[in-house]
Amino acid sequence: MSAPLDDATRAIIRATVPALKAHGVDITTEMYKRLLAHPQIRDLFNMSHQRDGEQPKALALAVLAYAEHIDRLGALGGMVERIAEKHVGLNILPEHYPYVAEALLGAIAQVLGDAATPEILDAWGKAYWFLADILIGREKQIYDAHEAEPGGWVGWRAFRVRARRQETPVIVSFELVPVDGGPIARHKAGQYLSFRLDVPGHGTQRRNYSISSAPGADHYRISVRRAEGGVVSPWLQDSVREGAELQVANPAGDFVLDEAADGAVVLLTAGVGLTPAVSMLAELAAKAGRSVRYVHGSDTPETAAFVPDVCDLAARGVLTADFFFAHADGAVQDGGPGVTRHAGRIGTGWLRETLDRGGRPIISVGRTRSCGTWWGRCGRRNCRRRRSAMSSSGRRLIRNLSSDRWSYGCPEGCPSDGRRERRGRLW
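Counting in this note's numbering, the sequence shown runs from 1 upward without gaps.
Possibly wrong hints are sitting among the right ones.
[Stated by the list, open to error] No more than 25 Å apart at the CA atoms, straight line, and that leaves these computed lysine-lysine pairs for DSS-like:
#1 K140 / K126
#2 K188 / K287
#3 K21 / K57
#4 K57 / K33
#5 K21 / K140
#6 K188 / K126
#7 K126 / K57
#8 K140 / K33
#9 K21 / K33
[To be verified] Here are the simulated distance ranges between beta carbons:
#10 G317 / E242: 49 to 57 Å
#11 R241 / P183: 38 to 46 Å
#12 R352 / D114: 53 to 61 Å
#13 A3 / H327: 34 to 42 Å
#14 D309 / M47: 33 to 41 Å
Since the hints were made in silico from the structure, they are not lab data. Glycine included, each C-beta is placed from N, C-alpha and C at the ideal position.
All chains, full assembly: derive it from the sequences and hints.
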């Protein structure tokens, strides 16, 4: 266990903040170059995030946040939790951490040159291992909890595709059951599964997909959107049939419903961002008397998945729903009891008038652009002070309405259902 950081070490870390702002992406890009030279580490990464440069950018933001909060690390508790959850999903182990330390310190020395004095490298070595020990400790707690819970497991477990369903022209659902016939852990609505997949011609690939089935079922369901030009989603849709076996990790992720809450709630989603919301809706449906409003935006009626499922819940009086179709041709058909269909995008006026009532918590899931637009439209002046969480394909944003600021959390590693998992792990 690393010793607590002393005043001198923290002072040096603070002094490197300007250098991190100027050269952070260069440092993390060099770090990944060094890290990925190790095959046993390379297999842990989604390499598409290296090609588009998003992972180095995400890590640079995380390292900068760590340096800026070095005197008040308690503010990074949410960040640590999200990283630990993601690491557990990918089966990250303590023996992986030394590789990261070597790559990070080597990258700092390479990019900063003579400015990377022995004192700076020593301080960052201490700071790295201080945080690494926190993560390793938290990850052990999560691993132990998974092993102890009914149906839980640690590492990879073989699951069989019991059924698959074409939800839309671009989204396919896979129903998964354990090959060993044993029970499975009850997931929390909003969590995801991590997969270790052997894709012909592309080697071992790791991906995360949100669980779209209800908690407590005898199976897990994932719903995968085809990403054109991608590696894994086309392979899953084209090659993985009923009876195929996949290696799966225990459910993970902290973007979940507050199980203690019992008041009204709004779920606001776009595109394949609805996958965790479908699981959340099923969980909310089990709580009698809770007011639920579901709002979803899609390109066309044909590209919107799970509409019949939502309409069924609305017909039972469990929720009210609004579907917006940006490119609907002509009039939009009636959605049935409790469901309203709209032609066009989710608009500014509608958001402000409809959602700015009663201080209801809002959970939104979608692309970064969609989430940012929504909150730009109904945030600050128009949203009353409320707790609200956002999960997006680029980063996780927690809106702190009381301070009227956007707070960009640590890379949350939102599942890659087709939203493209751009952020993932601390390293």
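* Would the pair K140 and K126 pass a check requiring their Cα atoms to be no farther apart than 25 Å? -> Given that 25 Å is the threshold and the Cα spacing comes to 21 Å, the pair holds.
* Asked: Taking 25 Å as the top limit, are the C-alpha atoms of K188 and K287 close enough?
  -> Holds. K188 to K287 sits at ~14 Å (cutoff 25 Å).
* **A3 paired with H327, Cβ distance criterion 34 to 42 Å** => For H327 against A3, whose Cβ atoms are near 59 Å apart, the range 34 to 42 Å is violated.
* Asked: Does K57 lie within 25 Å of K126 when you go C-alpha to C-alpha?
  -> Between K126 and K57 the Cα gap is close to 23 Å, so the pair holds against 25 Å.
* To do: Confirm or reject the claim that R352 and D114 have a C-beta distance inside 53 to 61 Å.
  => holds, 54 Å
* Asked: If you draw a straight line from the CA of K57 to the CA of K33, is it 25 Å or shorter?
  -> Holds, because 14 Å separates the two Cα atoms, which is no more than 25 Å.
* Regarding the pair K21 and K140, is the alpha-carbon distance no greater than 25 Å? -> Roughly 33 Å between the alpha carbons, so the hint for K21 and K140 is violated.
* To do: Quickly compare the C-alpha distance for K21 and K57 to 25 Å and report which way the hint goes.
  => Given that 25 Å is the threshold and the Cα spacing comes to 11 Å, the pair holds.
* **Pair hint outcome, K140 versus K33 [Cα-Cα no greater than 25 Å]** => Since the Cα atoms of K140 and K33 sit roughly 28 Å apart, the hinted pair is violated (cutoff 25 Å).
* Asked: Does the alpha-carbon distance linking K21 and K33 stay inside the 25 Å limit?
  -> holds, 20 Å
* Taking the beta carbons of D309 and M47, is their distance inside 33 to 41 Å? -> Hint holds: Cβ distance 34 Å, inside 33 to 41 Å.
* Kindly confirm whether 38 to 46 Å is satisfied by the beta carbon distance between R241 and P183. => violated, 25 Å
Consistency note: the structure conflicts with the earlier hints numbered 5, 6, 8, 10, 11 and 13.
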